[in-house]
Amino acid sequence: MAITQAKTIAAQVRADFPILHQEIHGQPLVYLDNAATSQKPIAVLEAIRHYYENDNANVHRGVHTLSSRATDGYEGARDKVAAFVNAASRQEIVYTRNASEAINLVAYAWGSTLRPGDEIVLSVMEHHSNLIPWQLLAQRTGAVLKFVELTETETFNLEQFKSLLSEKTKLVSVVHVSNTLGCINPVQEICAEAHKVGAKVLIDACQSVPHMPIDVQAIDCDWLVASGHKMCAPTGIGFLYGKLDLLRSMPPFLGGGEMIADVFLDHATYADLPHKFEAGTPAIAEAIGLGAAVDYLSAIGMDNIHAYEEELNAHLFRRLREIPEIRVYGPQPQADGSGRAALAAFTAGEVHPHDLSTILDQAGVAIRAGHHCTQPLHRHLKAQSTARASTYFYNTREEIDVFITSLKEAVEFFGDIFG
Amino acid sequence: MTLGNLRDLYQQVILERYKKPKHKGVTHPVHRQQRGHNPSCGDTIEITIQLSESGDRIEDVKFEGEGCAIAMASADLMAEALRGKATDEALSMVQRFQNMMQGNGDFPIEQRKLNVMQGVSQFPVRIKCATLTWHTLKAALEAPTLAKPEAFVSNE
Ligand SMILES: Cc1ncc(COP(=O)(O)O)c(C=O)c1O
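These protein sequence lines map, in sequence, to chains A and B. If you're matching positions, the first sequence starts at 0 in numbering that gives the first Met the number 0 and goes up one per residue. If you're matching positions, the second sequence starts at 0 in numbering that gives the first Met the number 0 and goes up one per residue.
Hints are computed from structural coordinates only; laboratory data are not their basis. Please note that the accuracy of each hint is not assured.
[Claimed, not checked] Okay, the calculated beta carbon distance ranges per label pair:
1. B:Q94 <-> A:R114: 47 to 57 Å
2. A:H49 <-> B:H36: 40 to 50 Å
3. B:S39 <-> A:T152: 24 to 34 Å
4. A:P250 <-> B:S39: 33 to 43 Å
5. B:N103 <-> A:T404: 31 to 41 Å
6. A:H379 <-> B:V25: 24 to 34 Å
7. A:I18 <-> B:H36: 31 to 41 Å
[Stated by the list, open to error] Quick look at which bits of chain A chain B covers, simulated, 3 or more residues with Cβ under 8 Å:
8. 260–272
9. 347–357
Ideal placement from N, C-alpha and C gives every residue a C-beta, glycine not left out.
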């Protein structure tokens, strides 16, 4: 029964994604690079088009009708995002360009309170976006970075994490779902442990918000960041969730229009949340697109999306195991596909990921090859680079089969020579 | 899958050189050396060069590194083609190789082995894999001395 239901999801939604219906090198496109960015449904494209054709004006700046419509669209999308992650207040959602900008916002606006010797706990699996801003902050303030390592099954080492915590720990910033290992980190427990020593916690939810229901109050994180483009929304829009009091206590990040209350020549007072952190004319159409994406995902249901991706995952891993040369990084899923994200970063024996990606592209299959912005993790895993196939709810089992078939062909193509 | 297209890219020679490179290692002595890196994919290469006594001719080139079949085969074929070449001729070969990657021209008969890389020009995203080794070589040759000058002197 689950399977019928599952087939229905991908089958029902594929028509919503025009981009999926094309041929690459004469073969139907199989898009398996969703961890890098997702495709956009017509509903999102239409929302953007509708905005530009009917409502385009600057926000918060005029009393004319278009301005009020633009403002309603922009702020309405914020309500949708707030509800989507179960924020306690719409003021807790700050638009940013992407997750990277959201992390930088926290690193600048909150991070300046750090003193030499204060500790920031990260993990070795962090995306560069959740590493470099903290390196820069450590250089500015003299704070020290500490790293959570991996367990034997290549997951977040919770025990070692606990041993890193002390009264010196001021911040923990960790990824929810690793874009490389696919592991789902115990963020609720991480927050609880960190809070015991008085540390704040930022969760990089780039790879979880698009794929599963997220409740920031249940997680009890202090901040959470995500990028719209990985969840059916356009590029150029992402968001920062932050607890209200904490955001209030943080000084502004960027200065300019929109973020002010009263301006004098030598000083200014700032707008209330969330606008205090949104300087300048924002990405209005993109925010409206994000709102449409949230509506779209919610209509399908994040529980359904998550359940369907687990089924795809079971199929993906079952099929990958047919190829002995393949080594997948991160934990194995349960037989039902649960327990990790529906993506696989892998190496294929002697076939370099880059060559693999070129060969698969000839078969219409789009996968990523490289370090996926997790160079330290790759170094830790002693893999120079990996290939990665990552699914979304519009992918089908048949597509995974095409991927596996061409993967086998590629391994054979190179295998001939390596014999 | 359209393997025909791939056979153009992955010529037998390329696969063989990837599997069994002939010029992997470090020259003795080392007169020039340079690391190259392709940050977008993680490919790395380190070129070492042994020069003639007068310093204007390449005696030997070797490479170390990790990368895809295209990058590694390109390095191996380059090392072979450069042995015995005058340094200014080597620099003009860098230019010729880059032109070939843009689909303009190829190498003359005595260097025709390099022409097996021609198929890469049909795969624009892979051109940087093939050219990494040549860029690295160029930087090594354009350096006036070895980065570690004492090695240059003592090994001579
Ligand atoms: C886990 C993770 N964190 C952060 C990012 C950065 O996202 P963006 O480049 O949209 O800021 C990504 C996406 O590449 C990611 O997968």
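Hints, one by one, checked against the model:
{"no.": "1", "hint": "B:Q94 <-> A:R114: 47 to 57 Å", "in the structure": "holds, 54 Å"}
{"no.": "2", "hint": "A:H49 <-> B:H36: 40 to 50 Å", "in the structure": "holds, 46 Å"}
{"no.": "3", "hint": "B:S39 <-> A:T152: 24 to 34 Å", "in the structure": "holds, 30 Å"}
{"no.": "4", "hint": "A:P250 <-> B:S39: 33 to 43 Å", "in the structure": "holds, 36 Å"}
{"no.": "5", "hint": "B:N103 <-> A:T404: 31 to 41 Å", "in the structure": "holds, 37 Å"}
{"no.": "6", "hint": "A:H379 <-> B:V25: 24 to 34 Å", "in the structure": "holds, 27 Å"}
{"no.": "7", "hint": "A:I18 <-> B:H36: 31 to 41 Å", "in the structure": "holds, 33 Å"}
{"no.": "8", "hint": "260–272", "in the structure": "violated (count 0)"}
{"no.": "9", "hint": "347–357", "in the structure": "holds (count 6)"}
In this structure, only the earlier hint numbered 8 is contradicted, and the remaining ones agree with it.
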